[in-house]
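Given next are the chains, with one letter for each unit.
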Amino acid sequence: MATLINQNQDGPKLPRWRRVINWLGRWPGQRDRRAVEDLLKHVHACQERGQGASAESAAGAIGWSARRAVKVIASVEALGLIRSTSKGLELTDGGTQLAVSVIRAHRLWERYLADEAGMPLTQVHAEANRREHDREGGRVDRLDAALGYPQSDPHGDPIPRADGRLAEFAGTPLMSWSSGRPARITHIEDEPASVFDQIVATGLMPGQVITVEGSTPEGLRVAFNGRKSVLAPVIAANVFVQAVPQDAAPAPARSLSSLEQGGEAVIRGFDQGLRGFHRRRLLDLGLTPGTPIRAERVSMFRDPRAYRVRGSLVALRREQADRVHIEEGSPSPSAQTGATS
Amino acid sequence: MSCDTCDTCGLPDDGDDRQKFDGVVALAGNPNTGKSTVFNALTGLRQHTGNWPGKTVARAEGRFTHENKTYKLVDLPGTYSLLSASEDEQIARDFILFGRPSCTVVVADATCLERNLNLVLQVLEISDRVVVCVNLVDEAKRKGIQVDAGQLEKDLGVPVVKTTARSGRGLSELVSKVVGVIEGRCQTHPHRVDLGQGVGEAVSRLVPMVNEVAPGLPNARWVAMRLLDGDWRIREALLNGELSQVAERQQAPAESFSNKMALEGSQ
Amino acid sequence: MKLDGYTPRPVADLLDQAEEARRALGEGFRDRVVESIYKDATEIAGRSVEYGERRRVDLDLLVDKVVLSPIFGLPLMIALLGLIFWATIIGANYPSQMLATGLFWVEAQGTLLFDYLGAPWWLTGFIWHGIYRGLAWVIAVMLPPMMIFFPCFTILEDLGYLPRVAFNLDWLFKKSGGHGKQALTMSMGFGCNAAGVIACRVIDSPRERLIAILTNNFVPCNGRYPTLILIAVLFVAAGFSPTAASAVAAGTVLTIVVLGVITTLIVSAALSRTVLKGEASAFTLELPSYRRPSIARIIYTSLIDRTIFVLMRAVMTAIPAGAVIWLLGNITAGGTPLATHVSDFLEPFAYQFGLDGVIILAYIIAIPANEIVVPTILMIYLGEGMMTEDISQDSLRQVLVEQHGWTMLTAVNLMLFSLLHNPCATTIITMWKETRSLRWTTLGAVGPLVIAFGVCFVVAQAARLLGWG
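Protein chains in written order, with my numbering: chain A, 1 to 341; chain B, 1 to 267; chain C, 1 to 469.
Among these hints, one or two may not hold up.
[Stated by the list, open to error] Once the Cα atoms are required to be at most 30 angstroms apart in a straight line, the calculated BS3-like pairs of lysine-lysine come out as:
| hint | chain 1 | residue 1 | chain 2 | residue 2 |
| --- | --- | --- | --- | --- |
| 1 | C | LYS433 | C | LYS175 |
| 2 | A | LYS87 | A | LYS71 |
| 3 | B | LYS141 | C | LYS65 |
| 4 | A | LYS228 | C | LYS175 |
| 5 | B | LYS69 | B | LYS154 |
| 6 | C | LYS175 | B | LYS154 |
| 7 | C | LYS175 | C | LYS65 |
| 8 | B | LYS141 | B | LYS154 |
| 9 | B | LYS141 | C | LYS39 |
| 10 | C | LYS433 | C | LYS277 |
| 11 | C | LYS175 | C | LYS277 |
[As the list claims (entries may be wrong)] Residues of chain A placed beyond 10 angstroms of chain C at every Cβ, according to the derived structure:
| hint | residue |
| --- | --- |
| 12 | ARG68 |
| 13 | VAL72 |
| 14 | THR85 |
| 15 | ARG131 |
| 16 | ARG181 |
| 17 | ALA193 |
| 18 | GLN198 |
| 19 | ALA253 |
| 20 | THR288 |
It should be emphasised that the hints constitute simulated quantities derived from the structure, not laboratory data. Yeah, the Cβ is synthetic: ideal placement off N, Cα and C, and Gly gets one too.
With the hints as extra help, turn the sequences into a complete structure.
Structural data, given as structure tokens:
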């Protein structure tokens, strides 16, 4: 997979945004191009949230000095990518296009880093920030295809398509969600990083179904993944959710790691968090839904454990077994005999 | 670590081999199926090992003879599947598709056949010149597992041979079945996986278009499936005409061999 | 999807349609494809596979109970490893001597032939006492242990035991950010680090594979055992009664090996938290059922694939080393050989690390092949312009301790340095071939050297502060 992406091949036709980039090429240095793209990204994000972007907000978000922010804004304005209005900075059509292409690269890289490279969620944002500026020759499109045209990044943000189309930002803050109604997490804000780290530590991730059970002075009482926990307001404010049809909400599942030695069960599916190469590998080994599985061996240090699946003995670490959901069930006769072989 | 020239380093040019040998046989299979035992039993010491070009994946090649004809045997990396796009799987997949082996032998473990059939069924989607070798029959027997080769042959639509490679049992039958497939004496009707509603429909919509672009492709269905999966290698092969070439050569392999033999006879 | 203007219409249509269809199918596409394949596989297998009576006693189950047991697992593993070491060291001893005798006899004949032909002394010396002797030494020291070690290793591999070692130890490697299969590559490294680096291919994930490649050097290979054993016998075991001495020597070597394993884990952890960041990724390990190994395969893989391969590479690097040693020993300036000048120059530097100039020089010359460290040290000490064959233990101890002031500190640091220092040239080249990256190869070569000097420095300074050594 990595080999597919590292390869640098020149895509034939230049998309419109590339022409802008080429024009920007007159600018001295890579750093300035990065600065332009960072600014455009920031203005785009502000517009999405309905806030006005300004030199101060840009300086704060990107970590520039106020002087540098003003300087960059002036140059970008001169390039015709943004304009100043009474409500603050605004992207022009060209600016929007460029911003969306950067966002596309950023979110695809995040998806890649999380799914295929196995990078912790807390690190992907920073790494994607580094990689998003290199969009030479169809690289991003290859990435898109190799990942199977994913629709959202690991935080739940929609990924713009190659032609610039971008799905609407969907979701309500968890804070304002009524209790008792199950909701699906659509998005977790990845900035500021310290808050995001905390959110990841609680085990929340996009795609999960969560139910608000009430609020206390310390925060929201919620239930997800068969667990109950209290979310501090600063965390809950950064989690966005969407309604989920009542019947589609899955019953709490048991994880494979809870299966005791000698125990048998049937695989129900995988956790949302098990993606990319890891997910494919488990599927390839035959851990498909409906397959009987039996916990057969425990290693010296209790982890990993070996499971009998379709007649073969496969070892999985606890982290992986955690993400495989099982349900009670009697294995089919063939598998039963296979299990004892 | 990863090879940067992955897609471009291509496959070993077997143009010469086609001249030197009466056929090229690829050996695929899951890890731990005794695949290398089969390889060693067939080739003996007439083998050499090296790397796949530009990769750090071991490649073993050897030859075996049958009725005065010499065949080249290429040991592919052991894989569970051809879908995960790991380096090993790409090599195996690319060789079966673009290396145009005269026959692909898939070695399966009789003790856990079900898991091994995953790879068998995938290879059957790519190529119809396949022989399935159900190995480790003795071990299966010890565990009370019996494999009905006739039934399996009927279901898979390709020859199935039961072997115990370590003691050499079944290998001569394997060779003669392989030669049968190479020489076209044995007609195969490979099993096609039922892809279910959504995927199946999407694939069948694409297949006529694939046939239009690369007529004569024996695995248009599989190509369509790979395109749906965003497989860039297949996409490029479509764009640069590599797939059409595969199709052209697939159509007349028996002919090229008889031509070659006629040439040899005249010398 | 962007295409160029030359793309034929049908191809472009096909690709567009495929992309649209894929978007419509959504993210569950791959899951669904694999599920359909397995659905058919289950049906087909159900029709053709019949499960009969299984035998009452399942050997696999019994063996696994012991091998994977929390109580017997680890001791069994150590015992097996120890057994292989023992067989390798003891078993190789006699053939090594025979080989040495034979090869040095050839050297004597060659020298005579050159003398008969009237070749100048320097040509005879350079060819026979330099290049040839280096070569002979490497072959005599390396070949017999490898011919014992690699087949033993391959038998364990074929039996199905090694995947279980990886299974048992994975937890340790997970904690240090590596992969359980790193245990396999390490055991391979006991035979030869270059072979160990190649063995790292069994690890799928690039990150964990790199960690295994970069740390393989911390398990001492066959080429380094002679040094470790000799020092252990001469210094650590010397004070004990003859009966206890061999056990003490063995214990010392084992301690060094354990230190190497600990270093591997620590360095792995450090790498995975710095330059090779990332979560320990996909761990899937199949535990095959136990199988009787196939003799032909063992002979082929272990002897042709591994032994010959490693030996050829070692031979290629031993030739220049032999030449350099001879030149250093025979080119004189002001009456003393170059080797002495260089080692005198290195002396003050070496002192800080509890070593001496001769040891450092020997390690510089021995970069191509670690086997020649001890012979080179002896050559310089004894002032003979060529590598020396074994002399008796007592006189050796006398030379080292009384004439050249070796202490226990020197011995300990020499063993530590031998364990931790940079990999040999063969391994470095192999690292480059496996990673194709100058950066990682450099790290793999320089990193251990820095660690070796660091550890030796700390030990030497601490020992001197305590008034010891």
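Non-conforming hints, listed in increasing numerical order: Going through the list in order, the structure violates hints 6, 20 and respects the others.
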